[in-house]
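Q: These are the residues of each chain, in order.
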Amino acid sequence: MKISRSLPFRNLAGKPVRTAVLIFLTALLSLTVFGGTLMITSLRTGLRSLESRLGADIMVVPYEATTKSNLENIVLQGATGYFYMDHARYEKILSREGIGQVSAQFFLASASSGCCSLAVQIIGFDPETDFTITPWIKKSYSQTLQKYDIVVGNDLNAFVGDTLSFYGTECHVAAKLDKTGTSFDTAVFTNQETIKALIQSSIDLNMNTFRNINPEQVVSCVLINAAEGYTPEEIVNDINIHIKKVKAIQTKEMISGISDSLQGVSRIIGILILIVWILGIVILLLAFTMSVSERKKEFAVLRVIGASRKKLAGIVMQESLLICLAGSAAGILPGLLILLPFHQLIEEQLNLPFLLPNSGAILGYVIGAILASVLTGCTAAAASALRISRIDTALILRGDN
Amino acid sequence: MILKAEKISKEFIRETKNSNRFLALQETDLTLEARSLTVLTGRSGSGKSTLLNLLAGLMLPTSGKIFLDEQELYAMPDQVLSRFRNQHIGVIPQGQTALHSLNVLENVCLPYTLRGEDAHQAEAEALLEQLDILHLKSAMPAELSGGELRRMAVARAVLRKPELLLADEPTSDLDDENTRTVFAFLRQAADQGAAVFVVTHENDAFRYADRCFRMDGGRMQEQSAD
Ligand SMILES: Nc1ncnc2c1ncn2[C@@H]1O[C@H](COP(=O)(O)OP(=O)(O)OP(=O)(O)O)[C@@H](O)[C@H]1O
Ligand SMILES: [Mg+2]
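Respectively, the protein sequence lines represent chains G and P.
Residues in the first sequence are numbered from 1 upward in steps of one, following the numbering used here.
Residues in the second sequence are numbered from 402 upward in steps of one, following the numbering used here.
By construction, these hints were calculated from the structure, which means they are not laboratory data.
Wrong hints could be hidden among the right ones.
Chain P side only, calculated, beta carbon under 8 Å to chain G, not exhaustive [to be verified]:
1) S410
2) L431
3) T432
4) L459
5) T463
6) S464
7) K466
8) I467
9) R484
10) L500
11) S573
Okay, derived cross-link-like pairs now, BS3-like style, lysine-lysine, Cα gap no bigger than 27 Å in a straight line [as the list claims (entries may be wrong)]:
12) K15/G to K138/G
13) K310/G to K466/P
14) K538/P to K296/G
Bear in mind that the values here come from a model prediction, so they are computed numbers and not experimental data.
Cβ coordinates follow ideal geometry from the N, Cα and C atoms, glycine included.
With the hints as constraints, model all of the structure from the sequences given.
A: Structure below.
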């Protein structure tokens, strides 16, 4: 029977309602801190992932793609769509000054009707020149893609070895990509040979709105990195002035909308954390002060029996420590249970790239949130602990009688 | 153990006619010897509890010194004094002093368990038996009557067999029979070697006492023991 060790525990158990309220409060505190920081980090990681997936300074698309305003939808939001321009424009771009790495891409949207297994955005690249998609595919698939091989995004319900059919053409899933938290998670990637065949099949089936194109003679967009000594702005201006019927865009500008709303969301979460935090400290401070002065006499009795001032302070601190530990567990657990399984839903609701950090980092946030709530609780309790240990015992004993 | 109080006094800050100081206890000398029971009576507000709290090491005197054997009570740092009080001084304070989150037996064992020592349950139960509240050992303080709580406090104060036992109106809520039990109990502690000091209003108390004092307006005077 080690009551001395469990006296703080017994004191808490003796006041179940007050204890429950305090635990709930600290749970709320750690939930906002943990959930909030995890949200912000996931959004940041998502944005960084998107940046590196885009991987090029400049994107050149046919002019009508920008007026139909579907460019950003396709590239950033994962909407399905396609547009084409003459291959000759690609040649013209190649001849401009300041062009470093350059590669063409091909877009095709599949429909979910009988012809195709999935309604997805299909993105084709040229393995000879590609510098954005290949390095990323390399992480999951080290061989070169053969004709009719496809690589699927992480969110798609397709697995390595599956056969998917697009416009009557069978394709073989060679690899599945790692999660990126961006619209690329719902896309399918393939080499230009395959996508040209698919485009042709869609025309043959009369399911492509571009009737009169020759897949061998078109590209959807051109990705460019600026060469040494040239800025992306210069190249964008140069192309927009000198090449007709195309529009060059800096990818940084495309995602500036996303980083703006990300900043907005981050700020809201940050303010929320701050408000809950301040509120938490004030309420905990009041609660601990009240709970201690309510038991002034009991503390005096402990002094009479031979507890030192330090011991009394220790009891108060242990009570708050117990509450904070229980509270942060009660707050972080539901945080994990909400964020881990439902991050996809959150991504869809926010319409922003959202990528959870790795488990090590999450563990770091868990520990951080526990520390934060324990620190807050102990700070709040410290004041009462100090006060109770300072008062003359005989004076407290007179208190209420 | 011998307790020697030399010229102790206590002043409180309080508005009075002439000044804002109030002398609750005038300079007092007192010696409490082992194997003796000393009784202090006096009107309410005369300063009895003030003196007792000073002797218990619970309230710093305004002037004077208190020695327990050779040790000066208020010269000890808090940690040492607390441990000393735990092991050598038993105090029954005025009023109710239960810890409400612990049951009766746990309350009584607290002087041991507070410092992580073995609870000495058997001894505690024997004390409860003597004080006629053993059947309440698992009850919570909220379920007890005032007199039962007093007897619980008595058991708690004597559990460690302290050499100095200070009781502040230990029988204020008790019927005659239980009052006799408690005084016989305190007398027994004195006979077994403790120095016992009891503040009380009971007239019967003189029968158990070796020495008697009376407090009047902060001034203490010895009375003949009969
Ligand atoms: N903390 C304090 N501040 C101011 N005055 C005090 C304080 N403590 C005690 N007093 C005063 O000192 C006087 C003596 O108080 P004390 O508690 O010693 O009386 P008592 O003899 O024990 O009375 P009772 O028999 O009612 O318990 C009282 O007049 C009381 O008002
Ligand atoms: Mg009194």
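Q: Are the hints correct? Go through all of them and say.
A: Each hint, compared with the structure:
{"no.": "1", "hint": "S410", "result": "violated, 15 Å"}
{"no.": "2", "hint": "L431", "result": "violated, 17 Å"}
{"no.": "3", "hint": "T432", "result": "violated, 22 Å"}
{"no.": "4", "hint": "L459", "result": "holds, 4 Å"}
{"no.": "5", "hint": "T463", "result": "violated, 12 Å"}
{"no.": "6", "hint": "S464", "result": "violated, 16 Å"}
{"no.": "7", "hint": "K466", "result": "violated, 18 Å"}
{"no.": "8", "hint": "I467", "result": "violated, 14 Å"}
{"no.": "9", "hint": "R484", "result": "holds, 7 Å"}
{"no.": "10", "hint": "L500", "result": "holds, 5 Å"}
{"no.": "11", "hint": "S573", "result": "violated, 11 Å"}
{"no.": "12", "hint": "K15/G to K138/G", "result": "violated, 60 Å"}
{"no.": "13", "hint": "K310/G to K466/P", "result": "holds, 25 Å"}
{"no.": "14", "hint": "K538/P to K296/G", "result": "holds, 25 Å"}
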